[in-house]
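Peer 1: Given next are the chains, with one letter for each unit.
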Amino acid sequence: MEDSNIIDMLFRRDESALMEARRKYETYCRSIAHSILDNPEDEEECLNDLWLRVWNSIPPQHPQNLMAYLGKIARNLSLDKYRENHRQKRGGGAFELALEEMDFVISELNTVDGEYEYKELSAIIDSFIRTLPAGERRIFVHRYWYFRDISQIAKIEQLKPQRVTHILFKIRKALRNYLKKEGFIEYESR
Amino acid sequence: MKVDNLSFLYALGNIGDDLVVEAVEVYSLPKVETSTSRRCFRSAIAVAAACFVVVFMMTVINRMNIDLPIDETLTTDSQENGNYHSSDKSMTIKINELKDVPTLSYMLPMRGEDNFKPMNEKDLFAYYGIYLDMSKIVPSGMVENLLNDLYAHGIYTYPDGTVDDQNVFYYQSENDAAQTISVSIKKGNIPCFFVVKAYDRKLEKSSVNDTEMTIAHYNDVDGQDTYYAEFMYKGLGFAITTTNLSKEALINALQYITAQ
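One line per chain: the protein sequences are A and B, in this order.
Positions 0 to 189 (numbering that gives the first Met the number 0) are the ones given, in order, by the first sequence.
Positions 0 to 259 (numbering that gives the first Met the number 0) are the ones given, in order, by the second sequence.
If we strip away everything but chain A, and leave its shape as in the complex, we get:
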């Protein structure tokens, strides 16, 4: 079923829209939750919350891209759940490693006050990603949006894992410089 039909059904408050959305996107959303949580119960809880949130948010929201919309909700719910579960603990999964890799990028990041600056930070990250060549752009999103591990990315992009690691390092360095240039990191602060 086309995404537009699913959204139309949600606007008509037709509950079978959720079934169609689940049929089409549950594997995708579950893979996002799994990358972050790696716990079937937590993943299930996030997915239940996801469909409830979709039901409650459409309408009034009318997503332009249903897949990305669902993915973003699944990602945020999973991050919430992660934060709730792992305030202190860090393991060695792809998500934790991705999290640690961000140390280098944001170690001197300025305080962001309020929603406006938070959105501005998102916009700057977005514009940075768009400066990257297509292959590097995808690798960055694989790693820090989907939290895929290096070997998974290597397989998808048909690169050696070492090459992926090198590209990610290069991108993190560029992102840090970009954030400096945009004033989110001060040069003198260290």
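No wet-lab data here; the hints were simulated from the structure.
Once the Cα atoms are required to be at most 27 angstroms apart in a straight line, the calculated DSS-like pairs of lysine-lysine come out as:
id, chain 1, residue 1, chain 2, residue 2
1, A, K169, A, K118
2, B, K116, B, K233
3, A, K169, A, K180
4, A, K23, B, K186
5, B, K135, A, K159
6, B, K185, A, K23
7, A, K118, A, K80
8, B, K185, B, K121
9, B, K185, A, K159
10, A, K159, A, K172
11, A, K71, A, K118
12, B, K233, B, K204
13, A, K159, B, K121
14, A, K179, A, K118
15, A, K80, A, K23
16, A, K159, A, K169
17, A, K159, B, K116
18, B, K201, A, K23
19, B, K186, B, K204
20, B, K233, B, K121
21, B, K204, B, K135
Over the 12 angstroms line for every Cβ pair with chain A, so calculated as not near, a few chain B residues:
id, residue
22, K116
23, G187
24, K201
Residues from chain B that face chain A, not an exhaustive set, calculated with beta carbons under 7 angstroms:
id, residue
25, N4
26, D16
27, L18
28, A22
Note that this is a predicted model, so its numbers are computed, not measured.
No residue lacks a Cβ here, since even glycine has one placed at the ideal position from N, Cα and C.
Chain B: place on chain A using the hints.
Peer 2: Frame of chain A; chain B shown alone:
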């Protein structure tokens, strides 16, 4: 609010939808070329065929059952759209020359260690019901990429009982990895690449040993010279990708597989 790593990743989550979707698109592939330029492959094919004969004589038996095309022609159609056509008794090859970008969605399967059953090559081919001698598919001087656990062969079973039995045999040139060939196999469906579905028009079909297939040629996102073929054979879906290898190398693989 102080930005910690997790908050930063929340902020990163708000990037554009197009970027989110782009990363689940496996291939960025070209539209069918509409150039009217004529390409003559006869001499190249003749040279390649001659080389093949030499290689054949020097490297023995394991390719004995493979027949490369002897007579190849450029049809009227190929002159119009720039695509490559050739045919002989056992096969008709139509290579779709592609450029530009349409892409396709690919849902990355959820895979975890606990639901993976590793299989050796023998058991895997027994599962598929076909035996492939990879040495007859992969050009000499290439080695299997064993660096990556995800190239380990086996079958994934999801909690709901559905099975992901797609496997990739991935080889690369030993020294520089500049040349690669990957053979993906899956029961029942074409493996996840679905290049053909990325287009808004039908691509021309080829036939090898009476097996219908689609073959494409393009430069991938990194500019690498790439051939791609996908087809169903004996209930199995195959997707074969080569980079920086000749089309004869691809055809060789196609002929071998469809003769099993």
